[in-house]
Every structure is written in structure tokens, then in C-alpha cells.
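Asks: Residues per chain are reported as follows:
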Amino acid sequence: GNSVTQMEGPVTLSEEAFLTINCTYTATGYPSLFWYVQYPGEGLQLLLKATKADDKGSNKGFEATYRKETTSFHLEKGSVQVSDSAVYFCALNNNDMRFGAGTRLTVKP
Amino acid sequence: DAGVTQSPTHLIKTRGQQVTLRCSPKSGHDTVSWYQQALGQGPQFIFQYYEEEERQRGNFPDRFSGHQFPNYSSELNVNALLLGDSALYLCASSSLAGDTGELFFGEGSRLTVL
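Top to bottom, those sequences are chains A and B. According to my numbering, the first sequence is numbered sequentially starting from 113. According to my numbering, the second sequence is numbered sequentially starting from 854.
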């Protein structure tokens, strides 16, 4: 079946640190891959997406590359800000959207 | 342009009762998906509706049922509530025709079962 495994948190970083949140997936065929973000007290918002192998999704300084050979879609940001504190969910869509368990990121000033 | 709207935002029920949650999709969207998000967990797929029919279903018991109306809005019904049904229920909409797989989420209905 289709599933997503992402790095367990919580993750705590200082402002301007480098961020990586690992995500790997299992799927038949060619799913689309997503990162969603959930800020405190808010619903899920799309952060970025990639629809085919080797595509790079990017938004707000975050990037993730669809790696079919390693079935991965790791999220990276070169310099995090306090405002990036949120829960990040990796997801795949292969007829329906499946989510990972989420990684809580806290960025301290 | 209104996004996905859900009602009610919060509700409290007791074990054995039944609950109905409602969702209006984003304008132009024809597909509605429902998710259950327990505290500290990722959203779990319940089912998806398109053209008033259940198109896909996750691993949830028959106590969970749904409906989609001609105007694309949707309801989630849960019968014989259990304590473990306490969660945030999220509705998401999308357009099947222009499908890039992206879902647009509402802010959810938080259900507490006592």
C-alpha cells in the first residue's frame, strides 16, 4: 500500500540554523509528493509539491527534491526563522492523499 | 473566494451518540476528502467523495459514513461514538479534472467524546 515515513520530532533549532526533515515513501506507480505545514491553531497549508521524479518543489526558502531512486522527499531550509515553528507533514497522493505522522519544529531566537 | 469551510468548529458528545459534521468545498472544487487527526498524529484518510459517490475509503469501520450533495458539499457521520473517536476531523477539497493532487483544507471540527 501507499505510506509515508517521516523523521520523528520534535526538532528544536536556533534561528538561522540549517533544517532537514527526512521523508521516505512507499507507493506503487508514480505518486505526487507534498509537504504541508500546520501553524499553531491553524489548518494544514500546502508548503510545496513535486509531481514527478527529479522535480524540486520550493516555497518560502524551503526545498524538497523528488528522488525516485531512494524513494525520498526530504525537506530542507538553509536558515530557519522563529516564524517557521510549526508541524510539518510529508504526504503522497496516489489516488488519495496519505500523510506522515508529522514533525514538530521549534525555532528559538 | 471562500476556502473550505467546516461546521461546527467544536462539539462534545457522549459515548454511543451519533455526530454529523459538515463541509463546503472551495469554489470550483468537486471532490471532498475527510481525514481524522488524533492529537499529535498525522491526518488519517477516512474517505473521498466525487459525483456524490464514495470513491476511495481508508481503514475506518462502517460506523463512519458520508454523503456528498449536488452542490459538492459533504457530510461525515459517525455512529455509536467511542472515546477513541475524539479527534480533529478535517475536510479537504480538490478538483479531479485539474488534479495535481493538491488538497485544500478547512480548519477542522474538533470532536470530544466523553
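Don't read these hints as lab results, they were simulated from the structure. C-beta atoms are modelled at their ideal positions from N, C-alpha and C, and glycine is treated no differently. Incorrect hints may have been included.
Pair ranges (Cβ atoms, derived) [to be verified]: (1) Ala891(B) with Thr138(A): 17 to 27 Å; (2) Gln871(B) with Glu128(A): 45 to 55 Å; (3) Glu181(A) with Pro914(B): 17 to 27 Å; (4) Pro861(B) with Lys168(A): 12 to 22 Å; (5) Glu904(B) with Ala165(A): 26 to 36 Å; (6) Asn207(A) with Ala933(B): 41 to 51 Å.
Lysine to any residue pairs mimicking SDA-like chemistry, simulated, CA-CA at most 20 Å apart [stated by the list, open to error]: (7) Lys164(A) with Gly954(B); (8) Lys879(B) with Gly155(A); (9) Lys879(B) with Gln157(A); (10) Lys164(A) with Glu181(A); (11) Lys879(B) with Gly856(B); (12) Lys879(B) with Lys172(A); (13) Lys168(A) with Glu955(B); (14) Lys172(A) with Phe957(B); (15) Lys879(B) with Glu154(A).
Which stretches of chain B does chain A cover? Using the computed rule of at least three CB atoms under 8 Å from a CB of chain A, they are [to be verified]: (16) 863 to 876; (17) 889 to 896; (18) 901 to 913.
Asks: Next step is simple, just say for each hint if it's right about the structure.
Replies: Results of checking the hints against the structure:
1. The supplied range of 17 to 27 Å is met by Ala891(B) and Thr138(A), whose beta-carbon atoms lie about 22 Å from each other.
2. Restraint check, Gln871(B) to Glu128(A): a C-beta distance of roughly 51 Å satisfies the suggested window 45 to 55 Å.
3. Take Glu181(A) and Pro914(B): their Cβ atoms lie about 38 Å apart, and the range 17 to 27 Å is violated.
4. A hinted range of 12 to 22 Å is violated for the C-beta pair Pro861(B) and Lys168(A), which are about 40 Å apart.
5. Distance hint check for Glu904(B) and Ala165(A): the Cβ-Cβ separation is about 31 Å, which falls inside the suggested range of 26 to 36 Å.
6. Distance hint check for Asn207(A) and Ala933(B): the Cβ-Cβ separation is about 29 Å, which falls outside the suggested range of 41 to 51 Å.
7. Distance check on the hinted pair: Lys164(A) and Gly954(B) sit about 12 Å apart at the alpha-carbon level, within 20 Å; holds.
8. A hinted pair counts as satisfied when its Cα atoms are at most 20 Å apart, and Lys879(B) with Gly155(A) qualifies at roughly 14 Å.
9. Annotation: proposed proximity of Lys879(B) to Gln157(A) holds, straight-line Cα distance about 14 Å (limit 20 Å).
10. Straight-line distance between C-alpha atoms of Lys164(A) and Glu181(A) comes to about 12 Å, which keeps the hinted pair within the 20 Å bound.
11. A threshold of 20 Å between alpha carbons decides the hint, and for Lys879(B) with Gly856(B) the separation of about 5 Å falls inside it, so the pair holds.
12. Between Lys879(B) and Lys172(A), the direct Cα distance comes to roughly 24 Å. Violation of the 20 Å bound is thereby established for this hinted pair.
13. Pair hint Lys168(A) plus Glu955(B) holds up; C-alpha atoms about 16 Å apart against a cutoff of 20 Å.
14. For a cut-off of 20 Å, the pair hint linking Lys172(A) to Phe957(B) stands: about 18 Å separates their Cα positions.
15. Only pairs whose Cα atoms come within 20 Å are accepted, and Lys879(B) paired with Glu154(A) is accepted, the gap being roughly 17 Å.
16. With 0 residues bearing a CB less than 8 Å from a CB of chain A, the region 863 to 876 of chain B misses the requirement of three and the coverage assertion fails.
17. Remark: the region 889 to 896 of chain B is confirmed as covered by chain A, as 4 of its residues place a Cβ nearer than 8 Å to a Cβ of that chain, reaching the required three.
18. Only residues whose beta carbon comes within less than 8 Å of a beta carbon in chain A count, and the region 901 to 913 of chain B has 3; three or more means the coverage holds.
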